[in-house]
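Engineer: Keeping their order, the protein sequence lines are chains A and B. Here the first sequence stands for residues 372 to 453, where the numbers follow this note's numbering. Here the second sequence stands for residues 816 to 1095, where the numbers follow this note's numbering.
Since the hints were made in silico from the structure, they are not lab data. Each residue gets a CB set at the ideal place from its N, CA and C atoms; glycine is no exception. Take these hints with a grain of salt, some might be off.
[As the list claims (entries may be wrong)] If the Cβ cut is set under 10 Å, some of the chain B residues that face chain A in the computed set are:
hint	residue
1	929
2	956
3	960
4	977
5	978
6	992
7	1019
8	1021
9	1025
10	1083
11	1087
12	1088
[What the hints assert, rightly or not] If the Cβ cut is set under 7 Å, some of the chain A residues that face chain B in the computed set are:
hint	residue
13	376
14	377
15	390
16	397
17	398
18	429
19	433
20	436
21	438
22	439
23	440
24	447
25	453
[To be verified] Calculated pairs, EDC-like style, for lysine to aspartate or glutamate (alpha carbon to alpha carbon, straight line, at most 16 Å):
hint	chain 1	residue 1	chain 2	residue 2
26	B	1040	B	834
27	B	926	A	444
28	B	874	B	902
29	A	431	B	958
30	B	1078	B	968
31	B	1022	A	430
32	B	929	A	446
33	B	929	A	449
34	B	892	B	854
35	A	450	B	968
36	A	431	B	946
37	B	1078	B	1050
38	B	1040	B	854
39	B	874	B	937
40	B	926	B	946
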Amino acid sequence: MPRTAREVLDQEFLQIRAKILEIGAFYDRLGEAEASNISQEHLELLNRGCEILNDDQGDKAARIQLLFSRDYDADWRDKFAL
Amino acid sequence: MYYVDPHIHMVSRTTDDYETLAKMGCVAMSEPAFWAGYDRGSVDGFRDYFRQLTDTEPKRAAQYGIQHFTWLCINAKEAENVTLSREVIAMIPEFLDCPNVLGIGEIGLNKNTKNEATVFLEHMELAIEHDQQILIHTPHLEDKYQGTRMILDMLCADSRVDPSRVLVDHVEEHTIELVLERGFWAGMTLYPISKCTPQRAADMIEKYRSERLMANSAGDWGPSKPTAIPDLIMELRRRGHSEEFIRKSVYDNPVAFFSQSTKFDFVRPEHRNLGEQSSN
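Isolated chain A, as found in the complex (with noise of 0.2 Å):
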C-alpha cells in the first residue's frame, strides 16, 4: 500500500468533504421540501447508510452495499424448481 494515512487524508480531504456536503444539503432539500408520502423504506436506508459512515468498524463499503441489497435466498433453486 503506497500511501500512508496522512497522504489519503490530504490527497482526498476537500473531495470528501464535498461529498459530504452534498449529503448535507440533501437532507436539507428534502426537510425544506412540501410534505408529502415518502417512502420511510428509502430514508430509513439513507439514514442508516449515514450511521455507517461514522461507526467505529472496517469495511464500511461492502456494509453500506449489503445495506442497499435484497437478502440472498439460499433455497431459491428449490422455489424455482430448477
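Using the hints, position chain B against chain A.
Structural biologist: Just chain B now, with coordinates in the frame of chain A:
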C-alpha cells in the same frame, strides 16, 4: 500506457470514440452482446446484431489499430422471453467460428427471475457443449448481491465449469470476494452512477491485489464513459503505484484471461507493424 478494455459496447459508440480510445492507449477490446435499449422481436434481429459484432465492429476498430473481440448470447433482460431465448441459443453456433468470437456472454441475471435463471443454465450448457469461455453480467443495485449468489450457485453446481475460464463482471465491494474465492475472474465496471468509480476500483485492486481482477468501462448507450480505464490508470498513478502493478489489471490480466481462447490472436503493440505475430 497500453490497455485492453474487456467489456465495452462499441455498437453504442461513434467512430470518434474509437479514435479517442486509440489515442488513450486502448489496443484491444471485447464486446459482449447486450440489451439494445428495446426488446428485439425475433431471432433474425439477433442474427443481424451478431453480424454487426462479428463483422462491422472489428472493421471499425481496425481503422484505429484496435483489435476487437466479442461474446454472443441473448442478454438477461430479454431472457425473460424463454421461447425467443431458445431460438437465439439455437442460432448462436452459426457464429461461433467467426474469428473474433471469444465465447458466450454477457449472460447473467437482471431481476433474478426463474426465466432468467432457466436461460442462464441453457447458455451454460451451450458454452460447455462448444468448449467456450463465459462472460457474465451480474445485476444492478439492490439485486446484485442476490443475483451474484444465484449465478455462483449455478456455476459451482456444475463440475464441468472451469472457473478459470469464466469472467464474472460488475463486481463491487460486497460481491468481489465471493467471486474470487471460488476461482473465477472478476471484472469491475467503471460507471458513473451505478457500479463502480475509478477510486473504488483502485481500493479493490489494493485490497485484493490484482490476481484475476480487471477493469472495464462498459461504454454503452447509457450515461457511461468509454475512457474510464485511463481514469483508473491515473488514479492508481496518483496513489503511487508502479507502472508494472497498474499494467497487471488493465492489460496483463485481460490478455491472460482471453488467451485461453484459441481465437484470441492478439498482437502486442510492440510487435505491430513489424510483420511479427505475437504468441501473446
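Engineer: If any of the earlier hints don't hold here, list their numbers in rising order.
Structural biologist: Checked against the structure, the hints that fail are numbers 4, 5, 9, 10, 11, 12, 13, 14, 15, 16, 17, 18, 21, 28, 29, 30, 36, 37, 38, 39, 40, while the rest are satisfied.
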